[in-house]
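Need the complex rebuilt from these two chains, each delivered in its own frame; the hints are there to steer you.
Protein chains in written order, with my numbering: chain V, 1 to 256; chain B, 1 to 740.
These are calculated hints, taken from the structure and not from any lab test.
The beta carbon of each residue, even a glycine, is placed where N, CA and C say it ideally should be.
Hints may be right or wrong, so weigh each one.
[To be verified] List of simulated lysine to aspartate or glutamate pairs, DMTMM-like, C-alpha gap at most 20 Å:
hint : chain 1 : residue 1 : chain 2 : residue 2
1    : V       : K159      : B       : D575
2    : V       : K160      : B       : D575
3    : V       : K238      : V       : E39
4    : V       : K42       : B       : E739
5    : B       : K332      : B       : D265
6    : V       : K159      : B       : D311
7    : B       : K705      : V       : D256
8    : V       : K147      : V       : D122
9    : B       : K654      : V       : D256
10   : V       : K160      : B       : D587
11   : B       : K645      : V       : D110
12   : B       : K531      : V       : D107
13   : B       : K422      : B       : D450
[Stated by the list, open to error] Partial selection, computed: residues in chain B whose CB lies under 7 Å from chain V:
hint : residue
14   : T110
15   : L479
16   : G482
17   : C486
18   : S488
19   : G527
20   : K529
21   : N532
22   : G533
23   : I534
24   : L586
25   : M689
26   : V716
27   : Y718
28   : N721
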Amino acid sequence: MRKAQVAIIVLLVSAVMMTVGLSLSKKATTETKLDINEELLKKAFNAAESGINYYLGTGNTNYNAPDSLSSADVTARNIVAEGAILDFGEYVPTNGTEFYWLVNHLDNGDIGTTYYGAPTIDVCGTGFTGSAEINYFYKLGANFGVKRYGYNFSSDVTKKVNGFTEASGSCATISTINNPILITVTPIFNGGRFYLSGSGTFPIQGVEISSTGRSGGVSTNVSGAQVNKKLSVLRRYKFPSFMLSGVVSETSVLSD
Amino acid sequence: MRYITLIITFFLILWFSIGAKQSQAGACMCPLESQQICHWYRSSLKSGYLEWVYDCYAQWYCPIGPDCTGTVSPFIVCSAGQVACGTPDNPSCCNVPTSAPPPPPPPGCTPSCGGSYCGSKSDGCGGTCPCRECNACLPQCGQVSDCGYCSPGDGWGPLPPTIITPNGTEADPTLYNINGASSVVNLSWLSNSTLTDYYQVYVENSTYGTVWNNTNVVATSIGSSGYTSGIYHWYVEAVNSTCVLAAGATSVNGYFMTNSIPTVDSLTLKNADGVVVPVEAGDQNQICQTTFSNSSNDRRIIFEASVSDSDGWADVDTATLNWNGHNYAMSKLSGVGTGGTMRAAVDFGVGENNSGVFPLSVSVSDNNGSSNNYAFRNLKVWDCQVSVVGTLYDGSSGQACNEVGFLESVDSNMSFSSLIYKDISGSSDVNMTASLPANYGPTNIIYGKDYLPVFNGGDVVNPEGTLLGTGRMTRLIDLGVGTTQCPSESQFNLQGNISAYVANPRVRVDFSYIKDQEAWFQVGGAGVKAKNGISSGVPATMDSASRALSISGTNADNALVSFTSFSNINGFNDDSGYGTPNNWWLDHSTNDLSSYSYQYFYNNFLINNGVGVTGTDWSGRPSEGVYFVNGNLNIDSDFALDPGKTMIMVVKGKISIAEAVSRVDGIYIANGGIEALGVSANQLVINGMLYSRANIRLARSFENKILNNTTPPVKVNYQTNLIFNLPGNLMRVLNGWREQ
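Isolated chain B (complex conformation) (with noise of 0.2 Å):
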């Protein structure tokens, strides 16, 4: 019992021992360190006054923290008098050793120090007067301008500074990502004395080189820069001016590691066969773009992503491709130097479509676990079907896009009756709905694909079929954004003409034709009387230069078109079609007031002048010359003049030119009119001129009457040779009888 006492006595001395010793040192097991303080203080009142005492203590401190953990923190200070002494294992205050007192006054004397003065002085009773500043003095650092008593001033340098950030040790520095030289990493701190006027930073390398230093900082934080990937370390010294130029010691060193961010520079997107897709206007991408619905897999889109690394290529780690939610991890191919490409080939299913436009971005990480994200452009994946609808115009009476030819709807007489959107690099053809006799649809078809429509059985080389109308326009409107376009080719991509971006693309794909045209007729050299109305038939499908009713003949200018009133059959009611290049017209009768019959020349030539021939039918006509058929004549077979010869056919009653018949020479006159009608394979050419005192009917078409659109089915073409080739002594004309 005895020994055990003995023992627990001793290990209760050996706990409060080292307890006793913990309380002095508190937790830190680190060395100490001491540092003197000096400093001025005004100690107590001595003979009136206040007297300043310039005295010493000593600071023990822990450089790393009594905790271990750098917070710097005093371990034992001094009291006024005494300074430090002892080791940093057993630190210690001692006294400082102090001049002896003043003896006191003798009995009966008061001590005398008068005004102001400047050195020593006796105060009259065996002691010496405190210091006191005369007026003339100049101030002294922390002293007042005014006469006064002695300052001790702040003189001496102020506390090292705690640093905040970065505050990693050399085994774990912080870890920062920069992103070139000119990255900022930010360093701060906390003051430890209020005597700092400003703080000297100082950044290092591993080698102490400086990086990056300021020497006059006022704040307690700053950036920094002029980094490269690498390990460094920093502190801070709190500098005191205000006196003298005292620096007090400098902070701990605080560790930080620098690290590039890899980059992603672009990401480019290719078809399954490796063809880069070229970016559509928004900065976007559809997967029915026809680089992709071209390729051999139009559903699979691949993405490369170019990454670069300041820390070289083989920092970089992983890449993650993210569209729409969804994330596909992309493969690290070859690079060089600090750049390489990642890439993901995705392939998107049904599950995919979405009308949507999502942004494609990349996600990229290196070694140090640090990533960096990027935004790209959109990507649409979506079905690529659009509807199409659409109606057939009449631009009979002209074309222009987009209005002009596309107001009046083809009526039955165009037969249209089926429409076939022609897959021209696949086998995706699509058979429209018809909605007779002028419109189609709705009915999908494929965005991105090259179609050609074909109407009423046609084919690539005949791709209007049976239809019944030339000159085919298109035009197209986006009825999702309501713009409007008019393909020059028949054969068209819906791909830069409609937008594939809006929620649901549909598209009206119109087209104008122009009707075959109806009989008409045309003069050259000359012009068209009529005392009544003028039914001309210029089509608008003629080319200008000879779109009109009368145009230039050999040797003959046109000229005028007059007449009561007006009108095309074909609907090309311009102005600009009576006459080219003299475009005379006249909505006024300018015909003769004379009018000549068949008795007229019959008098004048037969009887008179003896002139001319009498017959019943054509054959029957001579070969020049003037022939009179008392009756109407049908014209069956052709007829053309000898150079230099003249003909004039008087008909009493109607001359009817056959079907059969494609030129006939001389100059036609008949009381009971004139007509050519019916159909026929070649044009009718009357080379001469025609008169009648009743309707001229010049009613013939081609049987293909796509013909009549470019040609005119009857032409006449005044001879001037007809009039001077006849018998001068017709035209010997007696007038002007006077009676006098």
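The following block holds chain V by itself, in its conformation from the complex (with noise of 0.2 Å):
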């Protein structure tokens, strides 16, 4: 009776430790799976991000890995106005700034000599109730300057900036005077998407970089399919905003 007891308890313990076992091993086998997955995607990544540095130190739009296990294909577009607006349809969260440059730039990031040729521009928000700094570069001559404005868009007297103008609509309206350069726009209390509105032909804002990696069909088929990962990213021109003022501190500005 004693060793029937055993028995069933060994069989009991044997069956416990079989299920246990055959499970781990299951696991196993489907984690090795995802780690080279994963380990493929990784390296499409990477291969893609090696081609957008490859494309932008080399100006070639085909990468290879130095291992030949991945590789990337690059794509550059020009970042251009649609017709007479100018949007670059991102967000700009507040007291950040958005760049909107009115003369081409060269190869070498300088300002060239074409400008945007109209008289005015209109700076607009989409559904903004904020205010905005808005600063308008221009060159004259050999020297550069700026005209500087302030517009509230809100009605609310708590998202007013004190002596800005209140703007009627959504848009307020810039004289391009001189040889127009750069607007920037800095909104104030809420964050906003903005664009430009004029008759002008706006310069290239910049390109769009499009990389898409490959890894795990080049030479090893792990799994017996590739895997591809595309990045993108926009290379425009854009200076610290503290730039544009004369003095600014992360924490104080004393005169004692």
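Encoded structure:
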């Protein structure tokens, strides 16, 4: 009786142990497959990113990884206005700054001499309900200058900057005196989406670089499938926004 | 004895004879005149009727009165039925012959006259009925309107009135003072008859020409006019106009003389040098007016009265000036025609000082003894001492008459130590008793003198001396009347600002000064942003066109000033002090969420783009481009960029700008703060931008802090060129990474 009981217990323990062992074996097999896929994706992502850097460094659009296990194809598209509207389609956070160039850039990044030609530009917000600081940079002879504008787009008195002009509607018209160089828009109180509208020709604002990285299908097909990863990035012309002001401190500005 | 008896008898007879004569003629020795007076009277009952009888009598009178005083009085009155006769020396009354009386009626005959009738009528008994008026008769003067007996009426002239005033004689006329032809001489008299209906009054000059008359006077007095200086006589006669126009005899003549009184037309006050002293408000003068105090004898007043007399300047005799119970004789100067000047030069002594104000008057008389007194303006003669106290106030946050800038007393930082009221036109400087750190006085100064308050050992050229303040504003408070004035000049005179006519003139003279401003900075062509606080120092002393933290620059508008908290270390907390012309400000941080560090620029500029050089100190900087300092940077010399160039200084530690530096160009970025401290003779000009993750302290002052009042010791001029002269590749930024 005692032996029977021991045998039953041994059988039960053995059954449990077998069950656990089989379960662990199944999981290990799955995780091995996942690790392989993630590795491929990572390689594809890295290949895509390296493809962009390769493009930025060499201008070539075909990138092959040194280990020959991944590659990337790169394409570049100019960022231009759509008709009379120049809209980057991006949200500008509160106190961030959007840069709209009114002069072309040369290949080395320096500004050129092809200027926006119309006498005015409307700076518009899409449903924007804050205030906006707008700087219009121009070139006059060999020197540059700046005209500054401030508009309150909100009817909420708590979202008005003292002294700013009350905007009528969602747009503010800027006169493009001298040779237009740049318009910057800094939303205050709220972030928002902005665009320029004008009858002149807006210059190219930069390029959108897209890179598709590939991995797994080059020389080793782990699961029999190739993994692709696409990255895109905008290369535009900007400078730190503190340069729009004379004195900026992340703490305090003191006279004593 | 018998002879003695005879002599006594003779004299007794003579005495009685004279006494009898005097009883008839009274005491009057004047020639008598007679006047025949006739009238009707009711005699007696006659045949049952009262009979009216016409009769006359004589009245003897003395034309100037029995006592030769001009009082007319009847002398002899004859009885009814008699008339005056005889001579004036021997008047008497004589019987008036009458018709024989009617014969007595026959016996048994009863006279009968019946009712009314007109004319004569027999009474039936041989007699004549007495006159009886019929009803149809028209009433005659004095008669009743209904049928009645004949009335005598009042158809004869009244007795002459008796004059009352003027009643002078030709030798001693009554004196009247007149002032032109409109002056009135009142004529009055007494009536002597009830028959008088009105009077006729005449005034004649010495040649019997009528000067004035009135022929219908009902009252017994009347005013006459139209006289010039001279001798006149007048008379009056009573008129009975009831039945017939019957004028009585005229009254005696009353003589009077008119005389023009001298007048004082004006009174002029001059100082000892003959300069006319202007009349002050309230028609008054006082001896401490500057016209007196600046003269050769500040206690002398010359009074000149302009006197005139229609009778001629020669008729003016004397004049006397009166002030506060003092009489000052005025001398007669030359005159022309009817006018001239009377003058008195008075040297007022200390004993005549008085805190009160008293009127001036001039009394003038002529050769006839007629005088006139004229009152003129008020005059105050006093010691000119005015007690003055005062306080120095801090007007650094603004000044305006008469309270702004006069609220907070200065502290010891103003370094007030002494105050002298400098006598500009003399040598009577007054040292004020100072009660430091802000008060002075009470000390007396002299009214009417020009003073320049000079502080701390200063002089006329530098009246502030060593006082650490500028922009003096003076405020004068008249403690007597409470008025406040703010003279525009530092030099002032109490005259015109303080009333001298109160009993005890006192004044408070306060000064408001703008403290020499402390260090401050200003940005041209851009804004200022701080995530936390901004302590500005823009002073009230700046010209309003540039009295702001952010002002326009060259080709660059001023811009937004944003902060979490704000203060002004120099006290100018006006909301206009943020920016001009764009006064844009927000008490809310507008700093970009991105914070730029040394490493950011190092990676993006130097590593990624190969732009920039590294170094350890200011001397190792390049002439342009980007300079990285992995530590602190002490800027100890000027740095000017060539045109078309740019420079970015990226410092991991702190940037310190030495006092000796007056200009640096470029964009300065520091993780550990930026500061420009100390004092310098020169302004620090930073042509560019400043950015730090820590505090930026621009607390540098001019050595001469007065310069801080009108010039920012540190000026940041925003330079757009520095941005667009950067290498273009530094602006190429990757963003918007997207994974698909």
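Check: Can the hint on G533 of chain B be confirmed by a CB-to-CB distance to chain V that is less than 7 Å?
Finding: 5 Å, holds
- Query: Holds or violated: K42 of chain V with E739 of chain B, Cα cutoff 20 Å?
  - Reply: At roughly 12 Å apart (the allowed maximum being 20 Å), E739 of chain B and K42 of chain V satisfy the hint.
* To do: Mind checking the alpha carbons of K422 of chain B and D450 of chain B for me, to see if they're no more than 20 Å apart?
  => Since the Cα atoms of K422 of chain B and D450 of chain B sit roughly 8 Å apart, the hinted pair holds (cutoff 20 Å).
With the threshold set at 20 Å, check whether the alpha-carbon distance from K159 of chain V to D311 of chain B stays at or below it. Status violated; Cα separation ~94 Å.
Given hint M689 of chain B near chain V, where the shortest CB pair must fall under 7 Å:
This hint holds: M689 of chain B lies near chain V, its Cβ roughly 6 Å from the closest one there, short of 7 Å.
Any CB of chain V closer than 7 Å to the CB of V716 of chain B? Hint holds; V716 of chain B Cβ to chain V Cβ min 5 Å, cut 7 Å.
Hinted pair, alpha-carbon criterion (20 Å max): K654 of chain B, D256 of chain V. Please report holds or violated. Satisfied, since the Cα-Cα distance of roughly 17 Å is no more than 20 Å.
Given N721 of chain B as an interface hint, is its Cβ closer than 7 Å to any Cβ of chain V? The hint holds - N721 of chain B has a Cβ within 7 Å of chain V, the shortest such distance being about 5 Å.
- Item | Satisfaction of hint between D256 of chain V and K705 of chain B, Cα-Cα up to 20 Å | Since the Cα atoms of K705 of chain B and D256 of chain V sit roughly 14 Å apart, the hinted pair holds (cutoff 20 Å).
message: Quick check on the hint: G482 of chain B CB to chain V CB, less than 7 Å?
response: 41 Å, violated
Need the status of pair K160 of chain V, D587 of chain B: alpha-carbon distance at most 20 Å?
11 Å, holds
query: Under the criterion that the straight-line Cα-Cα distance not exceed 20 Å, is the pair K645 of chain B, D110 of chain V satisfied?
result: 14 Å, holds
The structure fails hints 3, 6, 12, 14, 15, 16, 17 and 18 (numbered hints given earlier, in ascending order).
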